[in-house]
Amino acid sequence: MLAYYLDLAWRSLRRHVVLTALMILTLGFGVGASMTTLTVLHALSRDPIPGKSHKLFFVQLDPRKLAGYVPGGEPEGQLTRLDAEALLRAGRADRQAMMVGGNVGVEPVRDPGAAALPATYVDARWTSADFFPMFDVPFAAGRGWTVVEDEAAARVVVITRELADKLFGTVDAVGKSVRVNDTAMRVVGVLDAWQPPSHFYDLSVGTFGVAEQVFAPFSTSVALKLGRSGDVNCWAHSVTAAKDDDWVYALDAPCAWILFWVELDRPERVAAYRDFLIDYSIEQHKAGRFERPPTVALRDVLAWLDHKQVVPDEVHLQTAVALGFLAVCLINTVGLLLTKFLRRSPALGVRRALGASRRAIFVQLLVEAGMVGVAGGVLGLGLAWLGLLAVRHQPTDYAPLAHLDLPMLGATIALAIASSLLAGVVPAWRGCQLPPAIQLKSQ
Amino acid sequence: MLHMTHVSKVFRTQVVETHALRGLTLEIRDGEFVAITGPSGSGKSTFLNIAGLLEELTGGAYLLDGVDVRGLGDRARSRLRNEKIGFVFQSFNLIPDLDLFDNVDVPLRYRGFTRGERRRRIEAALEQVGLRSRMHHFPAELSGGQQQRVAIARAVAGEPKLLLADEPTGNLDSQMAREVMQLLEALNAQGTLVVIVTHDPEIASRAQRNIHLVDGIATDLERGPVLIDPIAARRSA
Numbered sequence: 473m474l475a476y477y478l479d480l481a482w483r484s485l486r487r488h489v490v491l492t493a494l495m496i497l498t499l500g501f502g503v504g505a506s507m508t509t510l511t512v513l514h515a516l517s518r519d520p521i522p523g524k525s526h527k528l529f530f531v532q533l534d535p536r537k538l539a540g541y542v543p544g545g546e547p548e549g550q551l552t553r554l555d556a557e558a559l560l561r562a563g564r565a566d567r568q569a570m571m572v573g574g575n576v577g578v579e580p581v582r583d584p585g586a587a588a589l590p591a592t593y594v595d596a597r598w599t600s601a602d603f604f605p606m607f608d609v610p611f612a613a614g615r616g617w618t619v620v621e622d623e624a625a626a627r628v629v630v631i632t633r634e635l636a637d638k639l640f641g642t643v644d645a646v647g648k649s650v651r652v653n654d655t656a657m658r659v660v661g662v663l664d665a666w667q668p669p670s671h672f673y674d675l676s677v678g679t680f681g682v683a684e685q686v687f688a689p690f691s692t693s694v695a696l697k698l699g700r701s702g703d704v705n706c707w708a709h710s711v712t713a714a715k716d717d718d719w720v721y722a723l724d725a726p727c728a729w730i731l732f733w734v735e736l737d738r739p740e741r742v743a744a745y746r747d748f749l750i751d752y753s754i755e756q757h758k759a760g761r762f763e764r765p766p767t768v769a770l771r772d773v774l775a776w777l778d779h780k781q782v783v784p785d786e787v788h789l790q791t792a793v794a795l796g797f798l799a800v801c802l803i804n805t806v807g808l809l810l811t812k813f814l815r816r817s818p819a820l821g822v823r824r825a826l827g828a829s830r831r832a833i834f835v836q837l838l839v840e841a842g843m844v845g846v847a848g849g850v851l852g853l854g855l856a857w858l859g860l861l862a863v864r865h866q867p868t869d870y871a872p873l874a875h876l877d878l879p880m881l882g883a884t885i886a887l888a889i890a891s892s893l894l895a896g897v898v899p900a901w902r903g904c905q906l907p908p909a910i911q912l913k914s915q
Numbered sequence: 004m005l006h007m008t009h010v011s012k013v014f015r016t017q018v019v020e021t022h023a024l025r026g027l028t029l030e031i032r033d034g035e036f037v038a039i040t041g042p043s044g045s046g047k048s049t050f051l052n053i054a055g056l057l058e059e060l061t062g063g064a065y066l067l068d069g070v071d072v073r074g075l076g077d078r079a080r081s082r083l084r085n086e087k088i089g090f091v092f093q094s095f096n097l098i099p100d101l102d103l104f105d106n107v108d109v110p111l112r113y114r115g116f117t118r119g120e121r122r123r124r125i126e127a128a129l130e131q132v133g134l135r136s137r138m139h140h141f142p143a144e145l146s147g148g149q150q151q152r153v154a155i156a157r158a159v160a161g162e163p164k165l166l167l168a169d170e171p172t173g174n175l176d177s178q179m180a181r182e183v184m185q186l187l188e189a190l191n192a193q194g195t196l197v198v199i200v201t202h203d204p205e206i207a208s209r210a211q212r213n214i215h216l217v218d219g220i221a222t223d224l225e226r227g228p229v230l231i232d233p234i235a236a237r238r239s240a
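Just so you know, the sequences run in chain order A and B. The numbering of the first sequence is the working numbering, which starts it at 473 and goes up by one. The numbering of the second sequence is the working numbering, which starts it at 4 and goes up by one.
Derived from the structure by calculation, the hints contain no laboratory data. Owing to the predicted nature of the structure, the values given are computational and were not obtained by experimental measurement. Check the hints yourself; a few may be wrong.
As the list claims (entries may be wrong) - If the Cβ cut is set under 10 Å, some of the chain A residues that face chain B in the computed set are:
1. Arg518
2. Asp519
3. Pro522
4. Lys524
5. Arg815
6. Pro818
7. Gly827
8. Ala828
9. Ser829
10. Arg831
11. Ala832
12. Pro907
13. Pro908
C-beta: ideal position from N, C-alpha, C; glycine also.
Could you build all of it, start to finish, from the sequences and the hints given here?
This is the structure we're talking about:
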């Protein structure tokens with residue numbers, strides 16, 4: 473019977489072209505607007521590292537001065553170098569990585585006498601060895617550096633495929649040397665394409681920016697003072713490096729500027745690591761370094777993104793407005809369908825007289841509403857595509873993410889059909905509830 | 004085939020209560036040709052709607068081909084209507100979006116016949132009313148008489164035992180009316196029970212039996228007012 477109902481729906485929709493077009497337009501605009509904003513919301517709130525986000529945790533301690541302390545308040549967002557290196561050395565997690573962003577000039581090391589070319593300035597990440605396996609960073613060639621190289625502040629570097637191609641004209645750059653801010657460093661690995669949907673591992677340098685092109689050991693960056701980017705929060709001057717221009721680098725600098733992530737594979741490991749952080753804080757408190765009562769936080773990726781409210785308020789607002797618009801469109805479609813179905817009362821009465829049950833009429837009308845939904849969905853899809861194109865031309869850092877992926881494509885069609893069925897339920901119910909004798913009388 | 008006992012039908016609104024049928028007791032047997040006559044508002048259409056299971060009765064009992072229709076759910080009533088009853092309406096009630104083939108197909112679809120069986124029955128029914136050659140025309144392309152013949156084809160395609168016709172010639176000129184009546188008589192001759200509601204005495208005179216309705220009370224013009232249950236009539240009055 474479904475094929476029959478589809479045939480009837482098609483005939484009926486063709487018979488009232490203007491009304492049908494009006495319904496499809498109404499639904500299409502509602503679906504298009506809501507899917508545009510929902511797609512943006514989906515892109516921005518997407519799990520950046522599916523399958524692993526619940527195993528990666530952002531570590532927070534609170535080494536700040538007592539002044540301004542609020543019980544139950546949020547701990548400092550980053551770690552001091554002393555704490556980060558202590559946690560790294562302790563190695564209590566399955567994996568751990570300290571990191572900070574940077575920006576450096578990079579150029580290939582050339583033979584003496586060769587013409588010098590201007591350096592390429594790129595974003596960099598100074599981190600520790602576990603960074604690559606922790607964040608599932610793919611390699612096109614070579615490998616990441618080792619813990620030994622970390623400890624030795626080795627002059628090694630990992631670059632992206634894109635940068636390797638730019639500097640050497642080939643992806644096969646392992647073993648070659650690059651000059652990073654005037655220091656020659658050996659390329660040990662070339663990354664394959666890697667662009668997580670958000671810059672979740674370091675939100676201080678932008679939420680939706682592109683990933684870095686140069687990676688080197690944190691220890692090397694400190695030793696060479698390669699420069700850093702991101703937030704720095706200091707609450708006093710360093711004792712040993714007070715006169716140093718870049719005193720933040722000092723081991724005992726009372727400044728939080730390093731991000732620290734750990735990988736914990738099991739819930740009991742999470743609890744144990746939290747206990748470890750508390751114990752560490754108590755220890756530091758007793759030693760007089762931490763003035764505040766021990767306060768720690770350990771959030772997984774999604775909780776951290778949620779805490780940092782990475783989705784801008786404007787996107788939430790736009791989504792709410794678009795869904796409201798869809799609701800208005802739906803109400804209009806309900807009205808139009810009701811008009812259409814009630815106008816067909818006599819024909820429905822004839823069908824009832826000839827043996828159609830209420831259920832059969834209901835399904836017939838619902839199929840017709842569903843067909844409007846499919847057409848509205850296709851139109852909505854086109855409009856959503858245009859809407860996302862417009863979003864991509866907006867001057868926002870998340871603009872490049874506004875793409876309709878397969879799940880959202882399916883969601884658009886599903887939303888359109890669900891909307892039209894929702895809009896069709898009341899009219900179809902009304903249409904099938906009228907007694908056939910009354911319907912026939914209206915002929 | 005059609006057995007009504009003390010059947011009453013009351014239409015109620017907030018301010019008014021209308022007794023359309025008052026204690027109607029009636030039996031119509033297989034193969035009869037019955038005309039229901041009466042002035043406007045006498046309850047003819049209500050009788051037809053109740054007989055055709057298009058409306059629920061308020062009181063009494065109704066057996067259709069031995070099936071007690073009281074308490075039947077919508078699906079069972081629809082099925083019974085589909086299998087046992089064919090309808091012919093005054094204004095033909097063909098579905099304008101569908102061609103003749105698809106119009107006749109409507110009751111067969113709900114019966115669940117196979118494609119081949121439906122085709123065979125549709126072609127046979129349209130052949131019977133002389134319109135097989137026009138089966139892919141739309142109703143608007145036909146005259147009134149032709150449309151009514153299609154309606155008859157649609158009514159009989161499922162081979163129902165009972166054909167209910169509500170003023171089937173009311174919208175036709177005399178020539179077309181004659182043709183339609185001849186068709187109905189031919190169907191009756193083949194064994195179909197035909198019940199016609201009509202104002203037209205000439206049409207009524209062609210029936211084997213006339214039942215006259217006045218104010219919801221029936222009188223069998225040949226057998227006398229024996230079919231009225233006086234107690235029920237008083238009760239519903």
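Right, here's what the structure says about each hint:
1. Arg518: Violated, because the Cβ-Cβ distance from Arg518 (chain A) to chain B comes to roughly 46 Å (cut-off 10 Å).
2. Asp519: violated (48 Å)
3. Pro522: violated (48 Å)
4. Lys524: Cβ of Lys524 (chain A) sits 54 Å from chain B, so the hint is violated.
5. Arg815: violated (12 Å)
6. Pro818: With Cβ-Cβ at 7 Å, under 10 Å, it holds.
7. Gly827: holds (2 Å)
8. Ala828: Given a least distance of 5 Å, the restraint on Ala828 (chain A) holds.
9. Ser829: Holds. Min distance 4 Å.
10. Arg831: Holds, about 7 Å.
11. Ala832: Holds - the Cβ of Ala832 (chain A) comes within 10 Å of chain B, reaching about 7 Å at its closest.
12. Pro907: Since chain B brings a Cβ to about 6 Å from Pro907 (chain A), closer than 10 Å, the hint holds.
13. Pro908: holds (5 Å)
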